[in-house]
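With the sequences and hints as input, model every part of the structure.
Heads up: the protein sequence lines correspond to chains A and B, in order.
With our numbering applied, the first sequence closes on residue 404, and no number is skipped along the way.
With our numbering applied, the second sequence closes on residue 411, and no number is skipped along the way.
Be a bit skeptical, because a hint or two may be false.
A partial selection of chain B residues facing chain A, derived with a Cβ cut-off under 8 Å [unchecked claim]:
(1) Arg21
(2) Ala28
(3) Leu31
(4) Gly32
(5) Ala35
(6) Phe38
(7) Leu281
(8) Val282
(9) Ala285
(10) Asn289
(11) Met293
(12) His296
(13) Glu297
(14) Pro366
(15) Val368
It is worth saying that the hints were derived from the structure and are not from the lab.
All C-beta atoms, glycine included, are put in the ideal place defined by N, C-alpha and C.
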Amino acid sequence: MIPALAWRNVWRNLHRSLITAAAVALGLAALLFLWGFNDGVHNSMIRNLQEVIVGSIHVHARGYFHHPQLSRTVPDLPAVLRLLARRGISRYALRLRTFALAAGAETSEGLVLLGIDPGREARVIRLQEKVGEGRFLEPRDRHACVLGAGTARSLGLHVGDEVVMLAVDRFGALAADKFRLVGIIDSGEMGIDRGLALVPRRMLASMLSMDGRVSEVVIRCRRNELEGLNADLRRRLDPSRYEVLRWYDMYPVMKQWVELENAFYYIFLSVVLFIVAAGIMNTVMMGTLERIREFGVMMALGCARWRLAAVVTLEAVILGLFGTALGTGIGLTLVAFFKHHGIDLASRMTTVRRFYIDPVVHTEINLDHLTLTLAAVMLAAVAAALVPAIRAARLQPVEAIRHV
Amino acid sequence: MSDLAVYIKLGWRNLGLHPLRTGLTVSALALGIAALAFLAAMNDGWLQQIKTNFALTLTGHIQIHAAGFESSRRLADRIRKPAAVEKVLAAERAVATWSRRVRVSGLASTAAGSAGVSVLGLQPGRERRLSRLAHFLKRGRWLKPGDERAIVLGSGLAARLQADLGDKVVLMAALDNGDIASEVFRVRGILHSGVLDIDDFLAAAPLARVQRWLDLGEGVTDIVIRARSFRDVDALAAGLRRKLRGRGLEVLTWSEIDPMAEQWSRFADAYAWIILAVVILVVLAEVLNTMLMSLHERTREFGLMAALGARPGQIFAMVVWETLLLVALGGLVGSFIGVWLAGYFGRVGIDLSRFAAAFSFMYMDPVVHPALKPESLLQILAAALFGSLLSSLPPAWKAARLDPAQAMRVI
Chain A
1 MIPALAWRNV WRNLHRSLIT AAAVALGLAA LLFLWGFNDG VHNSMIRNLQ
51 EVIVGSIHVH ARGYFHHPQL SRTVPDLPAV LRLLARRGIS RYALRLRTFA
101 LAAGAETSEG LVLLGIDPGR EARVIRLQEK VGEGRFLEPR DRHACVLGAG
151 TARSLGLHVG DEVVMLAVDR FGALAADKFR LVGIIDSGEM GIDRGLALVP
201 RRMLASMLSM DGRVSEVVIR CRRNELEGLN ADLRRRLDPS RYEVLRWYDM
251 YPVMKQWVEL ENAFYYIFLS VVLFIVAAGI MNTVMMGTLE RIREFGVMMA
301 LGCARWRLAA VVTLEAVILG LFGTALGTGI GLTLVAFFKH HGIDLASRMT
351 TVRRFYIDPV VHTEINLDHL TLTLAAVMLA AVAAALVPAI RAARLQPVEA
401 IRHV
Chain B
1 MSDLAVYIKL GWRNLGLHPL RTGLTVSALA LGIAALAFLA AMNDGWLQQI
51 KTNFALTLTG HIQIHAAGFE SSRRLADRIR KPAAVEKVLA AERAVATWSR
101 RVRVSGLAST AAGSAGVSVL GLQPGRERRL SRLAHFLKRG RWLKPGDERA
151 IVLGSGLAAR LQADLGDKVV LMAALDNGDI ASEVFRVRGI LHSGVLDIDD
201 FLAAAPLARV QRWLDLGEGV TDIVIRARSF RDVDALAAGL RRKLRGRGLE
251 VLTWSEIDPM AEQWSRFADA YAWIILAVVI LVVLAEVLNT MLMSLHERTR
301 EFGLMAALGA RPGQIFAMVV WETLLLVALG GLVGSFIGVW LAGYFGRVGI
351 DLSRFAAAFS FMYMDPVVHP ALKPESLLQI LAAALFGSLL SSLPPAWKAA
401 RLDPAQAMRV I
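Here is the structure:
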């Protein structure tokens, strides 16, 4: 009988029910939108970091990351590639890395010389989109090289000029080779715009007598695959010979920044949640206030106090459920809409990219934030109904009926 | 009695007549305004902390150079008589402290290799009060006033040079006449800030030794100023520009030196503004809800008034005036609570490190100190007033147009 009564009460005064459900829905939709905004910024920062050059997971010879020496190459490359093939991973690239001195017309500069396979690299990173002048490396290139804008400027080099690279080969002998500058990268990222040169891996390997050897296997994967793949690779590759590093094992700053900002946001949104809960309580309170007379009549007709409380609570639960459904619908629609259209905060600003921030925010929401918010709002809606329910149950029938 | 006084008196009585309902509405408003004030304060405080940290990591609030140095970076463009500039600074109340520096790019080499560096000659004691550099020290010690050949390296630079504490490092740089001069230093400290430009390039050495090495005499390239408060910076810079005019100097604020920081902070402001706007919307909607509910409940009362001869315009005005009184009450209570909350947490701080991995580097502090700007509070109050008035219009309109006979039948 209680559910039927509650259900009828909800429909009997549609106006009141709608206002209450709207309070829940609006609060929830706003919370979801705010999470969407926050997660959108963070996820795009994390993606940008990975896509510019880092990738998601690196496989190196053990100790290579902290002491990158030419001799520390991936011990058994075919075995690693077989492992990746078995996992169905095709988005990976092979790189050979060394330090070199690049000589321009008058000056020289020390830099990281990175040998890449232009075709494969495009599956992992999007550095090719950051070429400001000229073009990126192409698969048929031989003596071609791409430099960061800062390095090109300080060496006084332009597209089409020749650069001489000096490096130490596998046997410790000094090797030199000439490359033609085909493109200049302007990424806004310090480590790339200054002190990095990209050349075809085959050319670098033959220059350094490193045929068939690579310093790093760079894998790109989706966020939800990252931990599983990392654990799997760590299990299958002998830790005394290999090291497997996630992007944030190598560059922890970004992850810590996201965690700190999320913590700030949790506090921020719990205050908002508090406002929403208070609003719901207020609305439910007001709703019961205007029904004091009705409750008095019910009690006078013999309705037990606990039944009355149960009806009021159940009504709130129904309205809460309805509001939550509505709010989730509106919130997710908003997130989906702005995921597609984007919110333009600063598209005229080019330098915010240096923090890997996209000036146009595309909202998206992480599943854990979605479920947490839903649960919190539902809980708040029910908790908000308890006070009015208790008040209703404690009414004196005679006085209540007289209440105008 | 004028109309106005009647409406206010009527409104006041109506509010007193239903203390519970009035209490609920006022508390909804007060809570919303208090929460908004607190959130705005949290936001302002956090952004200001990041900007302060950004400015004080290395740049300082204001830098004074010889005119043209910022773009030329040539030692020839230097301040030859820093003491004369410092005399002006000493008279400024808004200046907290300042320090002299020499900045030059050079080459560092060790037995293991060489790397490009930005050499910073600084006054160890003054620098510690000015910037956060000393605070990033990871190993070893900071420079001491008596140090001669001591040097502190960024962690990335130290790794590239494979230089550890006690190791010798040779620095080379070009003098202003084009000659190359070199000097030997010993690594005394290694710092890690999380900022790439510092960790990978910085080599900090005592100012006096750097001046002798580069044959600069008393000359320095920068006089870096820390203002007492972040808000004073622009006014202080304008004042200094006026007082130092005609001496061949340039006065630059942190945001002019690093436009990226300025753009980033504008991005952060826009970001924060969107979030606050959504929260304001939520608060207003909750207030509207409460108000709608409360007026809905009074249909009968309005019907009775209409039956007794109150004109629609009068009922409308009465509802609007009631709302105004409610907002005034709620705003007062809310601002009071909000200011108190912001003040309390501004002193105590909100420690985020319990929620995120504990760390302290780059531009963030894990402890947020809310700081409420008066203009933020005013904006919030204005939004609340505007929103509540707006939200009272439809119900007031509805109340004014009620059919008395129908309305009185509503229970």
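Going back to the hint list, which numbers does this structure go against? none
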